[in-house]
Amino acid sequence: MLEKTGVATEQDLAKAIPTKERLAKGPVAIIECFQRIPCNPCYTSCKRGAIKEFEDINDTPEINFEICNGCGVCVSNCPGLAIVVVDESYSNEEALVKIPYEFLPLPVEGSFVTGLDREGKPVCRAKVMKVLNTKAMDRTPLITLAVPKELSMTVRFMKHHDIYSDNTFICRCEELTLGELRELIRKGYNTIDEIRRISRAGMGPCQGRTCRQLIMQELAAATGKKMSEMPISTFRPPVKPIKLGTIAGGERGE
Amino acid sequence: MRIEEHPILSFDKGRRVDFIFDGKTYEGYEGEPIAAALHAAGIMVLGHSHNKQRPRGFYCAIGNCSSCLMVVNGQPNVRVCTEKLQENMIVETQVGKGDLR
Amino acid sequence: MNNTASVVIIGGGISGCSIAYNLALKGVKDVIVIEKEYLTSGSTGRCGAGVRMQWGTELNCRLAKYSIEFYEKANEVLQYDGDIEFKQGGYLIVASTEKEDTQFKKNIALQNSLGIPSVYLSPKEAKEIIPHMDETKIISATFCPKDGHLNPFLATQAYADAAVRLGVKFMKYTTVTGIKVENGKVTGVQTNKGFISTPVVVNAAGGQSKLIGGMVDVDIPVYAERHQILVTEPVNPIQNPMFMSFSLNIYCQQTPHGSFIMGRGDANEPRDLRVTSSWHFLEEMAQSCCELLPLLKDLRVVRQWAGLYCMSPDRQPIYGKADQVEGFYMATGYSGHGFMFGPVTGVVMAETILGEKPSLPIDKLGLDRFEKDELLFEPSVV
Amino acid sequence: MRTTEIAIIGGGPAGLCAAISAASLGAKVTLIDRNDNLGGQLIKQTHMFFGSQKQYASIRGIDIAGILMKDLDKYQDKIELMLDATVIGMYEDGVIALEQNEKYIKIKPQSVIVATGASEKFLTFPNNDLPGIYGAGAVQTLANVHGVAPGKNVVMVGAGNIGLIVSYQLMQAGINIKAIIDASPKIGGYLVHASKIRRMGIPILTSHTVKYAHGKDRLEKVTLCRLDEKWQQVPDSEFDIETDVLCISVGLSPLTELLWQQGCEMKYVPELGGHVPVRNENLETSMKGIFVAGDVAGVEEASSAMVEGRLAGLCAAKALGYIAADFEEQKNDCLDQLNSLRSGHVGEKIRSGLAQVTV
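Residue numbers (the working numbering), protein chains in the order written: chain B, -7 to 246; chain W, -19 to 81; chain F, 74 to 455; chain X, 248 to 606.
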């Protein structure tokens, strides 16, 4: 369902979450990266070797929770912002969740914000314990939130309490609408060149960059042809409008 | 609306200059596209289409389309999404297809 | 598909459509027009689309006058559901040499004698008609208010629609691959979509007409020459007439849509079937336009394109039949003026095919004039 | 007329890398870009890049542009920069005509690397021309380059990487994203991007499309509807969202006009965004001496555009007789990097597209 909603399921997460025992021991990285994509900075940034070497750049990260000490270097290096650090050893009632936060204003240490789950639903009040924004983090600051212990695997983001709270046009230049285009196709103008010549669509100042594709899609649908079989209109210079005076006054001749 | 602060970016702006749009004075930054200055001032409608009188605004941002043609310092059909703002520029809504003067 | 026809017309430009319409109007059944691509895809759709009565030979003046008078009423006669956008803003033709000035005086006398309302103007008077021209570059001008401009796609479509209503069949995207001749007579046309038997073939194939002639071993002394045009973005109307000069090599007109269309001739253009664009044209066109019509320097070019002039030795059309092959007719060699002659082409060709006396004396425009060396040079062409 | 050995059209990630690698072999390069700065789309990319170290993974696009520019500086004597210069045509005799600061200039190069990138596709729905309906690229330019907010509320159409990234960037600029919708039943972009947006509370509505835009002088409201598995509208599923900006990010098409003008053999390959040139392993098109790199050769990520640029630059220089001892090594490195970036599940579409046009 991740593919449909963008939200990881419990099944996905099962792979990413360490044992209760490990969590109780102290900070550890939780990497919520479940799709094979060509990306490896988590592995290259981990100086402890806690993330298994990638054999293929598309590998999804495999973390050794026993080696990971929750330092958080990988968190601000991850282009997908898919990593948080969780520390359940913080207190009896609360856990710490360190999240990357690339927004302004940054929260103030000691203030309270709203903890959000993976769908952005507010789930708790969270205290901002630390705001880390070093040069090495390159503008991906780390925010440490104290959240109720039972929500350590739920809170993944935060928000500030106060600040978040038939005229279809095909050709914009010559104002050809979808209705007019369909009427022309019905009349038997079945190629883009015929449509162009009869309606001027595609011959305006934008040179057809907006409408060419749309006209061809509509023609393909109407004629039952594949896009790859459709004749395409000629591409003439100039590709950008240029003043006559500029040409006349420019570098001329051979 | 200007973006006043940004977690990643800092905007290198030119100096603040005045320009005139349809008789009224506005402020913008020298060198930014005229359309950006107008947009920042909340002006979304830059003209109307010739035949169907449809409102036209900023659209492609790269000088390709015909959505933002305006009269600038008397010259018609200037693409204000790429034309750079200068001090005391006179920007006018273009009526029809523009007059060569 | 139909496999028989009474007449097969090769070419779906203005000529082919006009001939088809006129034949059908005269009651000919089973006329088929074969077009390699779509209607107007050849020279008609690429032309400057100006029409003028101001010519230098009597025959051209009469052909043009006939055509323009038809275009004036074409929307009604052809019962077109659109508008062919005919605008009679006139042609202002300027002279920049003494020789040209002398010729223009002769032309005016000839034109006036044929009822064409053209006038001879001083540079100052010319400037009143096109105020943004540089009148210091000219020594005189002629002006005919009846000349003008129309939309070539819509005009051709108007003919085609009317022809279809009269029973003409159009075969688009069909290529003629051969013409069958038996005992000196045309018997059929081979296409990539099958064979059509017919006793009459009309070659209205413009730039490709030499190729079609070759299919029946008729050597038509024409060649295709590339001509280029550019078009600007539209602006509000400022220039009513066409501006034209033969010696300065320019024609330039504002269309009702507001864009300016301009072109020029060039002896160095390739003489083959290429319709590519060149930077040489862009530069030379911009240069002469800015010199003669300096106000236009701030206009932006949005596109340049090319088409073929089908050039005949004397720059006049070739109308009529081929003596060697019975049933083979041609309407070609317009040398750049096929669109403006479209209406008259249809009438005289239909009359010729049906054995009637043509409304205009086109017998002098036959293919045999080149053998007899009876050429009729037209002095007034770009 | 001016001359050069290699003209590179487009100074985005592909063109920049092409210029650097061609110059590194000793070729004389003219790099042409229509903006007054190099970097192309990189200058709008505030997010960290994926990929590996070789493609600057984990560095922000805006900063990669700077890194490449520094590399470019090393070859000042070999590379002529033409900024604010728009190519208006490539003619049959190989002449490139361009406009630079209202000046018309012609260049006759010995070979050309076309790295013109791509342009945005558009969508059809009623009132799709209202001010407030923008392409994602235009919105990015406005917000990330010029520091102007496109509006207060945004509905994003398209949950591919661009739609997701631009949504995130707009949130960073303090603009409210009301929803991200996509007609497809699945999120097309990287799921880590989707997840980071979801946890900000932004709904991603897959199987949804725009039915209608409303507004008098500018966009005020959009009507959305749900689609079934056959991409047909589910009856009575319409609902309205008030918004002043609708941002359209439904894909890119390669900007191939110049290749068409040159008569390069082209093929329609939907996996690569539309019509793309047929090319060989060296990224040379069917027209000798005309190379391609980046999105114009098929829409992909900036990381592969950079590697393609490097490869095209190397091969174009080699074709002109410039030799490097480690040419084969460098070339194979590029090919390996490209293979690696295109491997795996998400690269499947690109691989099948490229298989159709690589000869």
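Hints in this document: simulated from the structure, not taken from any laboratory.
Among the clues, some could well be false.
Computed cross-link-like contacts, BS3-like style, restricted to lysine-lysine with a CA-CA straight-line distance of at most 25 Å [as the list claims (entries may be wrong)]:
1) F:109 - X:514
2) F:109 - B:217
3) X:514 - B:-4
4) B:217 - F:245
Computed footprint of chain B on chain X, listed as stretches where at least three residues anywhere in the stretch have a Cβ under 8 Å from a Cβ of chain B [unchecked claim]:
5) 360 to 373
6) 463 to 470
Quick list of the computed label-pair ranges, beta carbon to beta carbon [to be verified]:
7) F:195 - B:224: 47 to 53 Å
8) F:397 - B:221: 37 to 43 Å
9) X:571 - W:81: 21 to 27 Å
Glycine included, each C-beta is placed from N, C-alpha and C at the ideal position.
A quick look at each hint next to the structure:
Among the hinted pairs, residue 109 of chain F with residue 514 of chain X is consistent with the structure: their alpha-carbon atoms are about 23 Å apart, no more than 25 Å. Between residue 109 of chain F and residue 217 of chain B the CA atoms are separated by roughly 19 Å; this keeps the pair inside 25 Å, and the hint holds. Distance restraint check for residue 514 of chain X and residue -4 of chain B: the Cα-Cα separation of roughly 32 Å exceeds the 25 Å cut-off, and the hinted pair is therefore not satisfied. Between residue 217 of chain B and residue 245 of chain F the alpha-carbon distance is near 17 Å, which keeps this suggested pair within the 25 Å criterion.
Remark: the segment 360 to 373 of chain X is confirmed as covered by chain B, as 6 of its residues place a Cβ nearer than 8 Å to a Cβ of that chain, reaching the required three. For the segment 463 to 470 of chain X, the stated coverage by chain B is not satisfied: 0 residues place a CB nearer than 8 Å to a CB of that chain, which falls below the threshold of 3. For the pair residue 195 of chain F and residue 224 of chain B, the supplied restraint of 47 to 53 Å holds, since their beta-carbon distance comes to about 51 Å. Separated by about 42 Å at the C-beta atoms, residue 397 of chain F and residue 221 of chain B satisfy the suggested range of 37 to 43 Å.
Taking 21 to 27 Å as the suggested C-beta distance range, the pair residue 571 of chain X and residue 81 of chain W does not conform, at roughly 57 Å.
The structure fails to meet hints 3, 6 and 9 from the earlier list, while all remaining hints are met.
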